[in-house]
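**Q** Single-letter residue listing:
Number of protein chains: 2
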Amino acid sequence: MLQLDPQSQSCGSAMLQPTKPAIMIIGGAEDKVHGREILRTFFNRSGGPEAHIAIIPSASREPNLTGGRYVSIFEDMGAKSVQMLDIREREQTNDPYWQRATEECTGVFLTGGDQLRLCALLADTALIDTVRLRAQMGQITLAGTSAGAAIMGHHMIAGGGSGESPNRALVDMATGLSIVPELIVDQHFHNRNRMARLMSAVSMYADLLGIGIDEDTCAMVEQGGGLQVLGKGTVTVIDPSDMTHTNEPIVGSTDPLSLHSLKIHILCHGDRYHLHKRALL
Amino acid sequence: MLQLDPQSQSCGSAMLQPTKPAIMIIGGAEDKVHGREILRTFFNRSGGPEAHIAIIPSASREPNLTGGRYVSIFEDMGAKSVQMLDIREREQTNDPYWQRATEECTGVFLTGGDQLRLCALLADTALIDTVRLRAQMGQITLAGTSAGAAIMGHHMIAGGGSGESPNRALVDMATGLSIVPELIVDQHFHNRNRMARLMSAVSMYADLLGIGIDEDTCAMVEQGGGLQVLGKGTVTVIDPSDMTHTNEPIVGSTDPLSLHSLKIHILCHGDRYHLHKRALL
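If you read the protein sequences in the order shown, they are chains X and F. Start counting the first sequence at 7; every next residue gets the next number (our numbering). Start counting the second sequence at 7; every next residue gets the next number (our numbering).
Misleading hints may appear alongside valid ones.
Which copy is meant is left open, so a pair is good if it fits within one copy or across any two.
[Stated by the list, open to error] No more than 30 Å apart at the CA atoms, straight line, and that leaves these computed lysine-lysine pairs for DSSO-like:
{"id": "1", "residue 1": "LYS86", "residue 2": "LYS269"}
{"id": "2", "residue 1": "LYS86", "residue 2": "LYS26"}
{"id": "3", "residue 1": "LYS26", "residue 2": "LYS38"}
{"id": "4", "residue 1": "LYS38", "residue 2": "LYS86"}
{"id": "5", "residue 1": "LYS86", "residue 2": "LYS283"}
{"id": "6", "residue 1": "LYS26", "residue 2": "LYS238"}
{"id": "7", "residue 1": "LYS269", "residue 2": "LYS38"}
{"id": "8", "residue 1": "LYS38", "residue 2": "LYS283"}
The set of hints was computed from the structure by calculation and includes no laboratory data. Here the structure is a predicted model, which means the values were calculated and not measured.
Work out the full structure, taking the sequences as your base and the hints as a guide.
**A** Have a look at this one:
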């Protein structure tokens with residue numbers, strides 16, 4: 007009699023893993039040692055054994071160390087090629103070799119570090135324009151973790167505090183890389199108690215959606231706007247569509263914000279949400 | 007020509023301060039030195055110069071020190087009488103003198119300390135039954151700060167953590183004193199990053215309402231269910247009426263909770279909300 011072996015079943019489903027490109031917004035501190043679910047999903051969606059992966063470590067002040075770790079991981083997984091675009095000056099983005107790399111790769115990975123540094127180096131360069139367009143058109147899988155996640159929206163959280171009521175001074179905003187412009191992303195979310203700062207950010211841009219991503223957790227956005235949660239934590243969606251308020255303190259004020267009728271979803275592994283419909287799937 | 011003196015105007019409005027009894031749920035660390043808005047409101051709603059105030063310091067392990075401070079404050083404000091019901095053993099609640107005090111007072115103030123200690127001393131005693139009934143019937147103003155606020159609901163947050171996704175192990179629940187049974191109260195709310203623990207609590211009792219109160223802030227509940235915010239911080243209302251979820255971890259599990267469609271209001275000074283209608287006013 008045929009006995010199903012759970013081990014081979016699990017291998018079977020791993021082989022059937024979807025390989026469609028996606029934009030993967032990772033909350034930082036993703037598992038790099040054990041199951042590596044998120045990094046493996048990035049590898050698979052970048053083409054698996056056919057993947058040509060570009061690592062951009064420019065958010066980090068130790069790009070060799072930070073980027074090198076991801077190079078090893080994706081090489082070990084069996085990617086066809088993995089190269090590091092070690093951009094330390096804006097001028098380097100004009101290098102034809104790196105331009106070609108971004109045109110020909112199947113996956114791009116933005117490491118953690120400082121989101122302001124990453125934006126200062128990449129914003130308004132032809133290189134990031136290519137990456138953005140190819141990711142938005144579903145030609146490549148683009149992943150960003152921590153600072154690499156923060157830059158996904160048009161409006162970006164550059165820094166902020168916790169331990170206070172939502173208020174205008176609790177969050178510093180800057181301009182991101184507009185990969186998924188309609189989002190304001192925060193990372194290390196529950197781990198660093200960032201709910202109030204994300205609420206403060208969302209209050210200023212009520213047409214946008216706040217997305218708070220925990221460590222070792224990924225909000226994976228597919229073509230068409232479907233978002234799926236991977237990893238061990240949660241993705242918090244703050245939807246201010248119905249928001250009203252009774253005060254509107256000036257920018258920089260520490261006065262607490264009145265924010266009525268926020269809709270909040272705490273999404274776990276496997277939960278799905280549609281960014282354009284603003285509805286659970 | 008008649009000149010209005012702002013000073014006398016302000017005195018005038020102070021004299022017209024509403025004096026209806028209310029239940030005042032205070033998030034801890036209320037201003038005891040400067041404007042003392044919250045404590046002054048308690049004094050006024052307890053009857054002002056006609057007030058007979060009972061302080062119950064039993065949550066505190068230093069009841070004389072903790073309670074004594076409030077005695078001085080309300081004596082300084084000009085209350086007709088202020089006495090401390092320094093209950094350190096359950097048996098003391100049967101003392102006819104203290105029974106009579108709770109029957110005849112116009113205001114009761116529960117200090118901070120440890121909510122489990124307060125409940126252990128007072129739960130199911132005739133003394134707290136008298137206080138609860140009189141407060142619910144609008145005969146007295148009952149205020150509780152910090153631990154004295156935590157005990158207001160039937161289900162009480164006894165302790166918990168922060169820095170994690172909402173999960174069953176993040177909050178320890180116990181039975182409160184059921185002053186406003188439909189609430190789960192948390193205090194020092196944004197100050198101690200307690201959003202995730204209140205969400206975790208509310209997820210277990212989806213027919214209740216979560217109320218998170220910041221320091222120096224008060225959710226004042228009037229007869230009929232109207233809630234008004236006083237003080238310098240915010241009152242966060244977590245309304246799970248429309249909540250759905252895709253998982254239901256067992257009690258004590260650290261697995262993150264999936265919580266969809268929570269409605270959240272961050273209310274500031276002067277904002278009003280109706281507890282029974284679950285609507286902003």
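**Q** Now, for every hint given, state plainly whether the structure supports it.
**A** Here is how each hint holds up against the structure:
{"no.": "1", "hint": "LYS86 with LYS269", "result": "neither (44 Å within a copy, 47 Å between copies)"}
{"no.": "2", "hint": "LYS86 with LYS26", "result": "within (17 Å within a copy, 76 Å between copies)"}
{"no.": "3", "hint": "LYS26 with LYS38", "result": "within (22 Å within a copy, 61 Å between copies)"}
{"no.": "4", "hint": "LYS38 with LYS86", "result": "within (19 Å within a copy, 68 Å between copies)"}
{"no.": "5", "hint": "LYS86 with LYS283", "result": "neither (37 Å within a copy, 61 Å between copies)"}
{"no.": "6", "hint": "LYS26 with LYS238", "result": "within (22 Å within a copy, 50 Å between copies)"}
{"no.": "7", "hint": "LYS269 with LYS38", "result": "neither (33 Å within a copy, 36 Å between copies)"}
{"no.": "8", "hint": "LYS38 with LYS283", "result": "neither (33 Å within a copy, 49 Å between copies)"}
Comparing the model with each earlier hint shows violations of hints 1, 5, 7 and 8; every other hint is respected.
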